[in-house]
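Visitor: Sequence:
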Amino acid sequence: MKNLTDKLLLFLKGMAMGGADIVPGVSGGSIALVTKIYEKLLDSIRSIDIDALYLLKNFEFRAFWKHVNGGFLLVLVLGILTSIFTLSRVITFLMEHHAIPLWSFFCGLILISAIVILRDIRKWNVLAIIAIPLGTVIAYFITEIPPVSTPETIWFTFLSGAIAICAMILPGISGSFILLILGQYEQILRAVTERDFLTLAVFAVGCIVGILSFSRLISWLLKRFHAITLAFLSGFMLGSINKIWPWKEVVSYRLSSSGEQKPFLTENIWPHHYQLTTGEEAHFLIAILAFFVGVILVVGIERLAAYTKTSE
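Position one of the sequence shown corresponds to residue 17 (our numbering), numbered consecutively onward.
Be a bit skeptical, because a hint or two may be false.
Said to hold, decoys possible - With a Cα cut of at most 20 Å, we get these calculated SDA-like pairs of lysine to any residue:
1. K139 - K239
2. K139 - E296
3. K52 - H242
Stated by the list, open to error - Cβ-Cβ distance ranges computed for the label pairs, FRET-style:
4. L69 - E297: 54 to 60 Å
5. E76 - F300: 57 to 63 Å
6. R232 - T108: 32 to 38 Å
7. A220 - L320: 40 to 46 Å
8. F300 - K239: 42 to 48 Å
9. H288 - R211: 42 to 48 Å
10. I224 - F300: 21 to 27 Å
11. L69 - K239: 19 to 25 Å
12. T293 - V315: 29 to 35 Å
13. T294 - T108: 18 to 24 Å
14. E297 - W81: 52 to 58 Å
15. L237 - F75: 31 to 37 Å
16. E76 - R206: 38 to 44 Å
It should be emphasised that the hints constitute simulated quantities derived from the structure, not laboratory data. We put the beta carbon where it would ideally sit given N, CA and C, even for glycine.
Please model the entire structure based on the sequences and the hints provided.
Guide: Here it is, written out as structure tokens:
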């Protein structure tokens, strides 16, 4: 990190990643890809290895910090945590009271992000072209998996963290959505809101185990099959739009741990059918505006990231 401006920009990118990961269906990995820090993030995570532990064991802290690119990771993680702890209530409020504009915003964000990522592919081939619909179909079917009832135990919290973190760094399907499928989303969000540090610590350990393993796989794929991997990830993001489509009809409900009735299974419907089906306003014009705000935001972030990279 060369100066305070670079650190501030990285911190803001971390906040954007954290804010995205709170929402079920949106991935912080998408933000990392668009802001041109994805591969650097994977390489930094991958550098936490046996050599790093050896340096730490021998109290060579400066060498350890340099080996794991500590300055980069610290600022980014601080941004992510700041966003999670400050925006969790805001995102929850928007999901409950202004869901259609919120989901429309993220639809615009995800759609343009996928297009921006495809632009980064310089050498196209048949496999890369096939990878786009393949990623789309796989993500679509994942988003169709209904939530399940799971135990609220320490060991499952650890396992949930290990699985969810893989999605958090995988563009398209968010860690929050995986937690929703695993039936752990409310528990983790409640732990954040109520500052339940024991649950959060166990979840964090699971995340560390998962991310150290999964980042190596993605990093290897990007280095060996760059075009195919980016095309697949872009398709994955497109398929995930199925989850965040703003207009939905609730097919069945479930009772949350607090006894509240929550949507369980939903079906996507067109805006002009939404009011007839649900009796609620479709807010179509506001949704379109929110959609383009998401598009403009990603284009702005991408231009800023490109400018910053050129300056460096």
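Visitor: Each hint needs a verdict: does it hold in this structure or not?
Guide: So, going through the hints one by one against the coordinates:
At roughly 14 Å between alpha-carbon atoms, K139 and K239 fall within 20 Å of each other, so this suggested pair holds. Distance hint between K139 and E296 is unfulfilled; the C-alpha atoms sit about 47 Å from each other, more than 20 Å. Only pairs whose Cα atoms come within 20 Å are accepted, and K52 paired with H242 is accepted, the gap being roughly 14 Å. For L69 paired with E297, a C-beta distance near 56 Å keeps the hint of 54 to 60 Å intact.
E76 and F300 have their C-beta atoms about 60 Å apart, which keeps the hinted 57 to 63 Å range intact. Evaluation of the 32 to 38 Å hint for R232 and T108 yields a pass: the beta carbon distance comes to about 34 Å. With their beta carbons about 30 Å apart, A220 and L320 fall outside the hinted range of 40 to 46 Å. Between F300 and K239 the Cβ separation comes to about 44 Å, which falls inside the hinted range of 42 to 48 Å.
The supplied range of 42 to 48 Å is met by H288 and R211, whose beta-carbon atoms lie about 44 Å from each other. Our hint of 21 to 27 Å for I224 and F300 is violated, since their Cβ atoms are close to 43 Å apart. L69 and K239 have their C-beta atoms about 23 Å apart, which keeps the hinted 19 to 25 Å range intact. Look at T293 against V315: about 34 Å separates their beta carbons, and that is inside 29 to 35 Å.
Between T294 and T108 the CB atoms are about 21 Å apart, so this pair conforms to the stated range of 18 to 24 Å. Our hint of 52 to 58 Å for E297 and W81 holds, since their Cβ atoms are close to 53 Å apart. Against the hinted window of 31 to 37 Å, the Cβ-Cβ separation of L237 and F75 comes to about 35 Å, which satisfies the hint. Taking 38 to 44 Å as the suggested C-beta distance range, the pair E76 and R206 conforms, at roughly 40 Å.
The structure fails to meet hints 2, 7 and 10 from the earlier list, while all remaining hints are met.
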